[in-house]
Amino acid sequence: MPTFYLDDSEIPFTDGETILEAAMSAGRYIPHLCWRPELEPHSSCRLCTVTINGRPFSSCTQPALKGQKVECDTPALLAMRRAVIQMLFVEGNHHCPCCEKSGACKLQATAYLLGMQDSHFHHRFPVRMRDLSHEGVSLDRDRCIRCEICVRASRALDGKNVFAIHGRGIESNLAVNSPSGLLKGSAISPDDAAVRLCPTGALIAKGRGFESPIGLRAYDREPLSSIELREYQARRAVHD
Amino acid sequence: MLSRVAAPLETATHPEALRRVVIEPVSRVEGHGKVTLLLDDEGHVRQARLHIAEFRGFETFIQGRPYREVPVLVQRLCGICPVSHHLAAAKAIDVLVGARTLTPTAEKLRRLLHLGQTLQSHALHFFHLASPDLLFGYDSDVASRNIIGVIQAHPTIALQGVKLRKYGQEVIRILSGKRVHGVLAIPGGVNRSLSRDDGESLKKDIDQVVAWSQGAVKTARDLYLADLEKNAAFGSFRSNFVSLIARDGSLELYDGGLRARDHLGHEVFDHLNCDRYLRHIHEEVKSWSYMKFPFIVALGSDEGWYRVGPLARLNNADRIRTPLAESERAVFARLGEGGPVHATMAYHEARMIEMLYAAEAIRELLDDPDCYGSDLVIRGERAFEGVGVVEAPRGTLIHHYEVDETDAIVRANLIVATTNNNNAMNTAVREVAARDLDGRELTEGLLNHIEVAIRAYDPCLSCATHALGAMALDVSLEDASGLLVDRLVRDSDGRVARPGAP
Ligand code: SF4
Ligand code: FES
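As given, the protein sequences belong to chains X and S, one line each in that order. Just so we're aligned: the first sequence equals residues 1 to 240 in the working numbering. Just so we're aligned: the second sequence equals residues 1 to 502 in the working numbering.
Honestly, I wouldn't trust all of these hints.
Result set (SDA-like, lysine to any residue): computed pairs, CA atoms no more than 20 Å apart in a straight line [what the hints assert, rightly or not]: (1) Lys-206(X) <-> His-134(X); (2) Lys-230(S) <-> Gly-137(S); (3) Lys-206(X) <-> Thr-406(S); (4) Lys-178(S) <-> Pro-97(X); (5) Lys-184(X) <-> Thr-406(S); (6) Lys-69(X) <-> Met-129(X); (7) Lys-184(X) <-> Ala-218(X); (8) Lys-178(S) <-> Ala-218(X); (9) Lys-178(S) <-> Cys-96(X); (10) Lys-184(X) <-> Ala-408(S); (11) Lys-206(X) <-> Lys-230(S); (12) Lys-178(S) <-> Glu-10(X); (13) Lys-66(X) <-> Arg-65(S); (14) Lys-66(X) <-> Lys-230(S); (15) Lys-206(X) <-> Gly-137(S); (16) Lys-69(X) <-> Phe-57(X); (17) Lys-206(X) <-> Ile-378(S); (18) Lys-178(S) <-> Arg-217(X); (19) Lys-178(S) <-> Ala-83(X); (20) Lys-206(X) <-> Gly-380(S); (21) Lys-178(S) <-> Pro-41(X); (22) Lys-178(S) <-> Tyr-112(X); (23) Lys-184(X) <-> Ser-327(S).
Pulled a few chain X residues facing chain S out of the computed Cβ check, cut under 7 Å [to be verified]: (24) Pro-213; (25) Ile-214; (26) Tyr-232.
Which chain X residues face chain S? A few, computed with CB under 10 Å, are given here [stated by the list, open to error]: (27) Glu-38; (28) Asp-118; (29) Ser-119; (30) Phe-121; (31) Lys-184; (32) Gly-185.
It should be emphasised that the hints constitute simulated quantities derived from the structure, not laboratory data. Where a beta carbon is used, it is the ideal one built from N, C-alpha and C, also for glycine.
Isolated chain S, as found in the complex:
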């Protein structure tokens, strides 16, 4: 088994005799996440599960729509990383219009858009969502464990986070016309070029953005190393890793083939043509979850599940193309002592190294004459099935469409980063439940440990209200017969109360 301790906690042998704790964020963004714990009389955790109500409806909803609408329509799947959906869909649609290789201008502007997105999403994830836990402690006072608290206690860090995010959003706004849900990619290319004026205005701040990103890597690393033992163990387990990879084996976020490495760092497949993902990745259905559990076919469903996202990408990359990020990657890789880095909490440092890469790569592109070119669209031989894969900030995102001869979508399959990380997040939740919660009285602070682990992977579950660091929660503890034993409610302002406690 890849997971070290807690795998047996997926399914309890006698659930009927156990107490049930539900952690349910009240509001939602992409998916609606809920954690359930089953406890025995001594308070030992017997079962821990993360349920995500994935919005599969989208795949049905877009059936019959003309493919041209799809890159715009699918953005509405997500408010944090809509650009990823926009680009993954656009890449799939490129195949339909026979534009596998775009013009240099179109390809580079899409990359620039994607880098802007990576920058803003990573900044949001680390500074707004995760840093309160990391700076103040997982069970510190909930009233200040939020971005406002960070602004008060660490104004420089907080301000840099806000400005980094703003810069990424500005890249997105300039290229797509809006900060959220704009349009740049169209079938076979892009709908605009970068104007010299806009390029110059972005160049003004980019050196500062690179410098802040370097600082962010240091912040993330210092926080991790400050309690190395605890951070290395927290919600930790071994797994395989999947990501895109560039032809030369370097970090790649927009294009390239798929690489999978096992928990020792050995290649399972490499430079896999994305069109063929279905032969190598299957999805398992479990009766207790709406969200599927993908796995690498060659390793089987028990051993073949994997992680995606910043940690996976850094473990899989032989190098990073940009110098500053590459030197940070080399330092980071030492944590793995010759193998991949497995710690859940190492995601944050990996994320900040990617943010640095994004900043450096944006700087390069702003000096690239191709970004200011006018050859925007290309068309070729029509096809009826297309797959598009990008590395969304949270991990590998797969869009797959089939159309008929009238251009209408007849079948769609989307595997989002959250799904790819489904098993991993469940494993992290079980690890935390087994190590941190087992046998103790449940407090808001302890329950927050579970959220900290989820948050390392996916901010979408710690949805919009959590921008203030306080995911609205309603935790109820029931006995085996379903009778309410205890209840903890935390509103979106972070106030915790025990309403109706017996």
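Chain X extracted, bound-state conformation:
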């Protein structure tokens, strides 16, 4: 099996695997938010950035190459990832203390993982439209990080096409495919993968939040990285 170097460890890979996939298979966690193993990569959050010969690449899209030397956990890259997550926090309104997703939120868990202590940058405090119109699903756009997981999941996994991103840059926003533009009247359902896979509290199945007691929530019991490594490897075992 060909191998490449991730920092000091030698990582085997199969043809066509990305650096991120090969690292996950080998038990090395690279932080990521817009990547999901069941979806096409998107390469938008840049959290998975690694450097090869000093140049940055997103490891979720970069194919692994034999003998390549990939830097991942350097102080500079760790600082960059922390800055990225800080920017995500100040760009929206992420009030963890009263969010139903707290403790099961991938954005929050990643911030812990990266040792984020404060938000560093000035908060933007955006005011975006909240959509509580649907009886089973709510959408709080102030918590959306535009990872497009819901967009891809709704199409690829739910077969529905409920979401799209509109607008550009800092003004981009999540749009809902329904005559009124509201979740009510769209094809969404609380059990959709689009809702389940949202890494933040933006899309939430109504009425389930605080039912998990503190201490027993998803990331209270086990760190995000070990949960995802375990799940990825189990998934690989089934597919191989």
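With chain X's structure known, arrange chain S with the ligands on it following the hints.
Leaving out everything else, chain S with the ligands in the frame of chain X:
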């Protein structure tokens, strides 16, 4: 007039000719409290007011949020009694999801949480905040008039206070996952049961906690009786009393109807359904204060203001369900000589009797199989308006919400204990100003008398820094034209200085 001496001091006739003294705690917890005194040339107090900058912003802030978030969100109103806000909001939300009667497990676990909160808050209030004044004297040396001083001079008392508080916090941590700002109540119930292991670990210390609480009642009573005349008169006045009451007329902290008694102890209303509080309690706005002044409608705004909190609850209760607290209540009630007890300083003994009740009631619940049950949530017919009332440690707390069909909050009204006691605390401040300060040179010790009176009602004003007994204060004395005459500054370490004295 209910207040005996000082009512005229609310508003001076010619404020422009008077000197102004401001007592302003520098840091804040729930509200930001400030006392202003107006003095004439002879140093007579002509006007005394307590201003509390209430955080009404919260009611606007939660508009548009889904109701499920509210019991968690509102806890951030307070760092001392967040559980009270959590439960009052949860009770209001129960109405929205049609769960007026919870499962026995959910109801009892919420009660247990609330009792833990009462225990820890009362212990904090009495031992950390009030005992330095009571043990050392109101104008004793400020350097030792704090919990550290108590630890040095009365180590046993201080240690028991710390441990009682810790026990209450442990109850909260076990049930809500965190010592502060955890989550237990969810719409229609609770999110966890009590495990046998946790129940056993709490049972280990509960007999000791009950015994210490009995000791605390004795300490509070002995301190009061040591100078009965002074304590009965200090910041004292007559008032009406409002509290929750159990169906059988016994002390109730979590549920039940509202009872109001007048200053003679006669019932004004009783077993009032909390949903209907708005018809019986109105709030008056005064131009000089951000905080409203609630009153009982049937008695009018002049005569209808009232007190809430431990003293009100003990005056209103016909009995206490638990035996040890009930026997202490009977002794306490004698202070009223056939009527309600009115002394401001009697709040502390009442508070300790409630702490004893909380300890006994926790002991009962830990042996109750329902607390270990698994039937946690109930749902019923959807409603769009809900009121939830609990007795927070400092008094009656009302949460009232309206939602639309998307579950978003469209209107919220919160009446917190501090607001309910607003007029009472103002009256106490005026009484102290009239009796203790009038015509004397103002010293730090004398100004502390005012804080002692406020502290009997509400530790939130004697905020976080005051955990060391030294509320940071900046007192300036200005003449009628606003020119600085004198200034006293006390930092949070208790050092007093006169910077820039002319
Ligand atoms: S709603 Fe969630 S999944 Fe969709 S783009 Fe926003 S953060 Fe990503
Ligand atoms: S995970 Fe690779 S860019 Fe988001």
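(request) Take the C-alpha atoms of Lys-206(X) and Thr-406(S), compute the straight-line distance between them, and say whether it is at most 20 Å. (result) The hint holds at about 10 Å.
(request) Compare the distance between the alpha carbons of Lys-184(X) and Ala-408(S) with 20 Å, and conclude whether the hinted pair is satisfied. (result) 15 Å, holds
(message) So if I understand the rule, the pair passes when the alpha-carbon distance is 20 Å or less; does Lys-178(S) with Pro-41(X) pass?
(response) 38 Å, violated
(message) For Lys-66(X) and Lys-230(S), compute the direct alpha-carbon distance and say whether it is at most 20 Å.
(response) Violated, at about 89 Å.
(request) Assess, step by step, whether the Cα of Lys-184(X) is no farther than 20 Å from the Cα of Ala-218(X), and give holds or violated. (result) 29 Å, violated
(message) Can you verify the interface hint for Ser-119(X): is its Cβ closer than 10 Å to any Cβ in chain S?
(response) 18 Å, violated
(message) Hint check: Lys-178(S) vs Ala-83(X), CA-CA at most 20 Å. Holds or violated?
(response) 29 Å, violated
(message) Ile-214(X) was flagged as interface toward chain S. Is the shortest Cβ-Cβ separation under 7 Å?
(response) 3 Å, holds
(message) Restraint: Tyr-232(X) near chain S, CB-CB cut 7 Å. Satisfied or not?
(response) 29 Å, violated
(message) Check whether the Cα positions of Lys-178(S) and Ala-218(X) lie no farther apart than 20 Å.
(response) 16 Å, holds
(message) Lys-184(X) and Ser-327(S) were given as a pair; does the straight-line alpha-carbon distance stay at or below 20 Å?
(response) Not OK: Lys-184(X) and Ser-327(S) at ~60 Å, beyond 20 Å, violated.
(message) With the threshold set at 20 Å, check whether the alpha-carbon distance from Lys-178(S) to Tyr-112(X) stays at or below it.
(response) With Cα atoms ~18 Å apart, Lys-178(S) and Tyr-112(X) stay inside 20 Å; holds.
Comparing the model with each numbered hint stated earlier shows that hints 6, 7, 11, 12, 13, 14, 15, 19, 21, 23, 26, 27, 28, 29, 30 and 32 do not hold.
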